[in-house]
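Trainee: Going down the list, the protein sequences come from chains U and X.
Note that my numbering has the first sequence beginning at 1386, numbered continuously upward.
Note that my numbering has the second sequence beginning at 5, numbered continuously upward.
Calculated from the structure, these hints are not laboratory results.
You may find that some hints are simply not true.
Reference listing, derived: stretches of chain U covered by chain X, where coverage requires no fewer than 3 residues with Cβ under 8 Å from a Cβ of chain X [to be verified]:
1) 1437-1448
2) 1544-1553
3) 1561-1568
All figures in this text were calculated on a predicted structure; none of them were measured in a lab.
Backbone N, C-alpha and C define an ideal beta-carbon position, used for all residues, glycine too.
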Amino acid sequence: MLTVYIDFKSPASYLAINPVLALVERHGIALAWKPFRTSEREAPTVTDNASVAQMHRKVRAVSRRVIQQKYAAHQGISLEFPEAVGNTDLALGALALTSGDPLPFINAAFAAYWTDHADLNAPTALAILMSETTGEDFVLDDKSCLDALESSQAEAEKLGVVDAPAFIIRDQLFIGREHLPWIDEIIRTET
Amino acid sequence: MNVLQSDSPLIVYVDVKSPYAFVAIRPTLALEVELGMKFDWRPLTLDIPSYLGSAEKKEGKVVASSGRSPKVWNAIRYSYGDARRYAKRQGLILKGTEKIWDSSIANIGILWVVEQDRDKLGGYFDAVFPPFWRRELDIEDVDVVKSCLAAAGVDADGFDDFQSGEGRALHDDLQPQFHPHGIYGVPTYVIGDEVLFGREHIPYLRWHLSGQKGPAPDIAYEIEPC
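With the rest of the complex left out, here is chain U (with noise of 0.2 Å):
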């Protein structure tokens, strides 16, 4: 069993995608999706006489997104950067609490966030999406939802989670799809 932890709002759960289904098309593995709230920020205004710390900040951003729009476009993938980061507590409640198949769902939600920057934490819009592409007439509960996410959110930090994409396999995290080739190794060697 492969276990993803992802957050809507972060660009590197978006790439990590297409590669974790194609390893899980080689393998043929048990594969769950798990929310987990990250903590994306806009990259910062500096001044002019801003601190290191303050345009160490502001640097790393701007290059992380600059990598990640790069390897979005190999992907095919449009890559939108909000100006302001969306919250997507709702959506990650209701995919906690999704009972069949998440895919869908979860491919049009991080197209709605990064192509449309949808607000993935509007009760209605996300009931409509929910019932669009689960095929469950979805009656969404905002507590049952905040809930179901805050349980997946502790027990990932409990297993040491600090950002997303996160795998558990074999008891091991790995944090990134950079992993992906070690995972694909714990893989084969368990088959």
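Starting from the known structure of chain U, fit chain X onto it as the hints suggest.
Mentor: Here is chain X on its own, set in the frame of chain U:
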């Protein structure tokens, strides 16, 4: 020296005190050999306290820390653990450092080797990085760095003057150029006008440097079988 310009097809920035650089050295040297190229290796001495806060450890326990939240500590713990397991795959030991070192002398050693005997650079990295990460090397001591140069077969005569004079000036001249040119950590690879942080870009670098045939690969930490 301009931080983005070189006669080599690839510039590689490293810092002896970075665990990420440590685990990137061998894969990057291997790429150099595989492609039959000579990369332009340069030092980037990280100013860690300015952006991650500072800490001092004794016998594995933190005895002093400033500016680090529990979240930052968790991320640092994961990062070290992650670098450690990849180091282990390379047959290397990576112990957490007891303090944030001034690695400038050992990093100026890179400039010295490049100037004196470029082909010994791999030997110098072998003499510095693994023992430092086993906590066996005081890289703030000029004589220790000179012994590493000697171990790599590089003449260390003149290094005293170089590390405090010409080499120090070269090193210090690079430092203020990094942020304005989008460089913030190590290993950083500069290829053409692209600045890429992290060894996960090695597959892309190989693809780029060998003619860009087929689709561009995704990021990956390439692994050798355990």
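Trainee: State for each hint whether it applies.
Mentor: Results of checking the hints against the structure:
{"no.": "1", "hint": "1437-1448", "in the structure": "holds (count 9)"}
{"no.": "2", "hint": "1544-1553", "in the structure": "holds (count 3)"}
{"no.": "3", "hint": "1561-1568", "in the structure": "holds (count 7)"}
Comparing the model with each earlier hint shows no violations; every hint is respected.
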